[in-house]
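Just need the whole structure built from these sequences, with the hints factored in.
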Amino acid sequence: MKKWFGKLFAPVLICAVAVASVALGAWYYNFMSARIFEDSTGHLEEIYAQVNRTFGAFVERNYGLLTNWGQYFARTGGQTVEDAVAYIEPKQGYWGFSEFYFLTADGRAFTMYGEEREMALDGCWDTVMVNHTPIMACYTLPSGEDATVFVAPSEQGLFNGTEFSAVAMSFTSADLSGALKVDAFSGKARSFVVHSDGRVLLSTQSGGMVFQNFLQYLKGASDLDEEELARIQSDWKNGVTGLVLCSVGGTERCVLYQRVGFQDFVLVSSVPENVVSAGFLSVQKTTVLVLAVIFLLICAGLITLLIVRGRRLSAMNQMEIQSRDLMYDALSESLDDIFLMLDLETLRTDYISPNVERLLGIRAQEAESDIRLLGKCAVNGDMFIPMSELQAIPFKGSIYRECEYMHQQSGERRWYRMTIYRTGTLDVKKCIFVLSDRTLERQMNLNLQEALTAARSANEAKSNFLSNMSHDIRTPMNAIVGFTMLLEKDASDVEKVREYTGKIKASSHHLLSLINDVLDMSKIESGKTYLNPDLFSLPDLMNELNIMILPQARAKGQTFTMHLKGAPPETLIGDRLRLNQILINLLSNAVKYTPEGGSIEFTVAELAGSSPQLSKLRFTVRDDGIGMSREYLDQIFVPFSREISSVTNKVQGTGLGMAITKNLVDLMGGIITVDSTLGEGSTFTVELSFALPEKAEAAQGLRGRVARLLVADDDEDVCLDVVETMRDTGVAVSYVTGGIDAVKEAVRAHSAGEKYDVILLDWKMPDMNGVDTARSIRENIGADVPILVLTSYDWSDIEAQAREAGISAFMPKPFFASTFWRTVEPFFAAEAPGQPPEPVQAPPASLQGRHFLIAEDNELNAEILTEMLDMEGASSELAVNGREAIELFQRSQPGHFDMILMDVQMPVMNGYEATRTIRASDHPEAASIPIVAMTANTFAEDVKAAFDAGMDGHLAKPIDMDAVRALLGKLFEERRSQGGQDA
Amino acid sequence: MKRRIASLLLAALILLPLSSCGKKGADSLTLLGKKSDLERSYMTAIFDLYEEKTGQSLNLISIEDAQYESEAVKLFESGGAPDIFLHFNNADLARFDVDGVFYDLSHEAWVSDLTDGACDYCRDAQGRLLGLPFWESSVSGCYYNRTILDGLGLKPAATQADFDMLCQALLEAGLTPICWPADGCGWIPQFGLDPIFADDPELLRSLNANEIAYSDIPAVQSMVDWIAGASEKGWFGGNALKTGWDDIGPALASGQAVMTFIWDTWFTTDFTPGRYGAEDFALMPVFMNTAPLGTYEGGNLNMMMVNKSSPRLEKALAFLEFCATPENYNAAFDSIATVSCFKGQTTNIQSPMVTEAADSIRRLERVSTAASRIAGYSGDDTAALIRALLAGETDSAQCVAEMDRVRMEEAKKQGVPGF
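Chains as they are written, first to last, in the numbering used here: chain A, 1 to 983; chain B, 1001 to 1419.
Since the hints were made in silico from the structure, they are not lab data. Treat the hints with care, as some may be off.
[Stated by the list, open to error] So the derived list for chain B, only partly shown, Cβ under 10 Å to chain A, looks like this: (1) L1152; (2) F1163; (3) A1401.
[Unchecked claim] Calculated lysine-lysine pairs in the DSS-like style (CA-CA distance at most 30 Å, straight line): (4) K1155/B with K219/A; (5) K1233/B with K219/A; (6) K1155/B with K188/A.
We put the CB at the ideal spot given by N, CA and C, even for glycine.
Dropping the structure here:
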């Protein structure tokens, strides 16, 4: 009801005002018309009263003139035509009559020209002649024109010999019109002098004489009924003045009649009503028009005012809307919330914030025109909300949803909380949608949840770790403690002492490796592990691996082979230490979990996609060991995870190796995968990318001299590797797969004059080993051609025998071109083929007689090291901090110390600072004295820090004398090659 | 048929459509006329009467109506002019050498017996009487419903002002004052033009000499203005543009219209009585603002003209005298509905309307001047232009200009000198 009332109130009010205005106007108009009509008819009556008086005066004048003229003619006697004409003609022009007549008593009429006329005088001859009363009567002129004749009796006289008793003059309608000058009402009025029966005597209008009987005309042409006509006729007969309003031919006319005063004549005037009131109506119309104009002007003014105000308000609203839109736009651009206003009736979008394009990848205009586009962004289509649900939201109420949206351009997914507010008015239903970006909040929640899970896992892992560590540490410690107790007990039994100390040593090594792994893992997981990319040689790396793994494999009777696929670059840029760590882990595990007599294969291959700037390498470690269950594969890289089996239980391990490996591969941006079948073996694959240095052509000068190469290896893959590696070097490679074939081919080629420039032999071939093959070749073709042995084994044991058999040099597997060129270079450079080169690998150094400067603050460690060196036949001096070590070195003579073993963490001055000070000192051996770090800090960065400080090597605590000997051997060898003291 | 009909070929090509009838003889009068004219009953009656009473024969040469003018001209030009030649005194007569060929009959004895209208009709511009009018005639004027006027207490108009007042009074009484058949009735405009040129022969001469035009004559413009004004005031009713010849009778018979401009014989030939019959009508002059007291148009009369070069001139004049004898013409026109051409004409049937208005007709009748004597005048063309005026397609000035244009074009087409 209220709604209906609100809608119709304004139109009803306007209509009511309009109706009231029209009614008031109509009433006013009628009122004014009535008053005007009254005034107008009064005015009309006054006018025609004046006309009547004028006409009366006119008649009296004519009668007077006729009386005078008649008297003149009668008294002057014997008037001739000429006399009459001479007398009348001037007056005719002056008084405006048509003709002048002399009337005889016997009813004849003569013009002043003597012409006789028939004149009936409407049957009133007697009135004139007998009663001597002047009259007016109709008369038709000879031309046919109607005229009115005025007749006045006179004294008898003579005209043209005829006695006359009356004189007369005639007026045509035109004459009367001029004489009476009744030209009121714009000539639209008709005035007649009629007899009481309606017969027209005269008309004041030209042509008016066609009305023969005006009463009859009213009867035939007007709407007056018989009664009214009878009343009019009665009025006329009785000389009553009156006014009748009637319609003549559809025109309202006022018929006014007044007695003239002569005979029975009545002055009748017929005037159109609108002409009667024309003046007043004009005023009325003007008044109404002015009022209407004023009213319209006021209305127009009000409307204009309303329009202007409305426009101003509209403009202000528009400006406000635009400002708000601008504000919303600016605000939305800086927010990740989307605002949308929807009209529920039309389903049109009134507003949508422009950031919808940034946040959802939809243009705002498109979303405005089709709101369904927004729904399509919802990942699960959960944007759709039934209209009934929107309609059901209470006014000023709200609901909310959470949904995930996908950016239509980038595919990015974001979480939004969509709050829908119901707004509008009673008639207009609108909803405001606010899509608040909750992605960060949700992510934080997820992160918190994950963190919580992680914390729980970490806690669990910590518990597991502690449990594992407790078990893993206690196990070797138990052995150490237990065998130490047994050692005390059986100290006198040399065999048992040897046995116990050996087991104590093994347990110690295991415990040490466990600690190293734990620390390494801890470092990686804490994110403090950094890579140190640098140039390194892939052949050197593989050679070192070979050196390290081959003995372990041989110890278990395993076959360890290395292959090279695709001629990978030999110089790479990368973290050699970490790569080495990864590969050693994998290879060590392979050795560890492969039963005796098994085989381990290590392959390096360059992958497609490599470029001059980047080389992608795949390292594959394949064994035919115990393999792993599928279940364990899922957690192989989880710390402390170890597969439980009868075999693995017998193998010592920390359970951290694969986790460390995985983390290191991830750190290097690589991929590690594993494929394993329980009981059949495992294959680990690591794919890594390495930057490449600018290419340096090695041994360019040899390329022309080595044209043909014969390769003999029972493993054809090795032969093919050599062929592949040497493809672009200009060396023609032929291969055979056995020693005998090698001899035959060498002899054949030699006999054919196609001798090989270099012969490369495998050491161990089934039919004939490399040494025998070499000997046979030498015996057949001589000592000219260099014969190289390609082997994975340490050739030191057979070197003497090999050289005796004619082998020129050894090359480690796998085959690298650079190694090849470096190996054969001496034979071609010295033009002394067959001469044996220097041994390629220095044996571990002997410590006998060496004198060390030991910088160690820990007395126990210092004592152990001193004793161990002493046991090796070396001597030492001890400094308890860096400062003291510097002083001892400064005071020493050149050659007094062979090496400085420098602890890193020491009071007063640490080892790095002490090293830098020594290197910077003016001692003659400041630059050359080998300084080796001796520290429990075993991480790569620790090693790097040591080298950066000027040290030459790094030994991890506890000190392993084998490692000391190997390192010293290497350093001494380097010093010797540099012409140092030991050379 | 007492008279023998003989065909006379004047020339193989010229005379082929011609035929002659009569008693052939060397001194027989030759009388050339339009075929249909010669076959009129009063014509055959007088021919027969002549032959019967005089024993003389007539050699009648008739030409088909369509070729009459052209063939007659050729005949005159080829020296084959007849003794007596029948022709209307209209513009076509100018194609003949009127002065050179035809005898001036002004001094014949029978002239005084002619009515004024007939006599005037037969005179040329110089006042010479060109022929003996021997034809049925009518009076054109304003025929009004006297019954209606009497009923309304109105009188017929005696002046233009009366007429205008009468029209307005009738209009206010809810009647159509004038039935104006604007759709193709070309006879009305000439009624207004007749007084202008009949009253001023010099004006007619100047117009036909192309020295002046309608537009130079204020009375012509005055007439057109009046027509336009009457139409605007509603005096022609609301349907004048669609009113044609066939609509006049019903409009008058029903009383829908009170007056029309027509001729008396129309009531005999074309009027079918309705609510009102012919007896309800009377005649007053036509008022078209060109004659203050109005005008009547006399009938177009066929004249018997005499070839003054005829070897039988005396005989031809005697024939005309025979025809002008009251006994003879009353015998010929016995029971013929016509206005009298002779004062002694008594046996013809003259309409009461004409008789009643005889005095007025005597005073106000004009010879049919516009249609017959204005060079290039076309009633239909003029009516069409008036119709365009009433339709609002032109104004009065344009209408007069167009009337001039079509008149001049037609005159030029007819080869009228000066155009």
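For each hint, the structure was consulted:
{"no.": "1", "hint": "L1152", "verdict": "holds, 4 Å"}
{"no.": "2", "hint": "F1163", "verdict": "holds, 7 Å"}
{"no.": "3", "hint": "A1401", "verdict": "violated, 31 Å"}
{"no.": "4", "hint": "K1155/B with K219/A", "verdict": "holds, 16 Å"}
{"no.": "5", "hint": "K1233/B with K219/A", "verdict": "holds, 23 Å"}
{"no.": "6", "hint": "K1155/B with K188/A", "verdict": "holds, 20 Å"}
Hint 3 alone, counting from the list given before, is not met by this structure.
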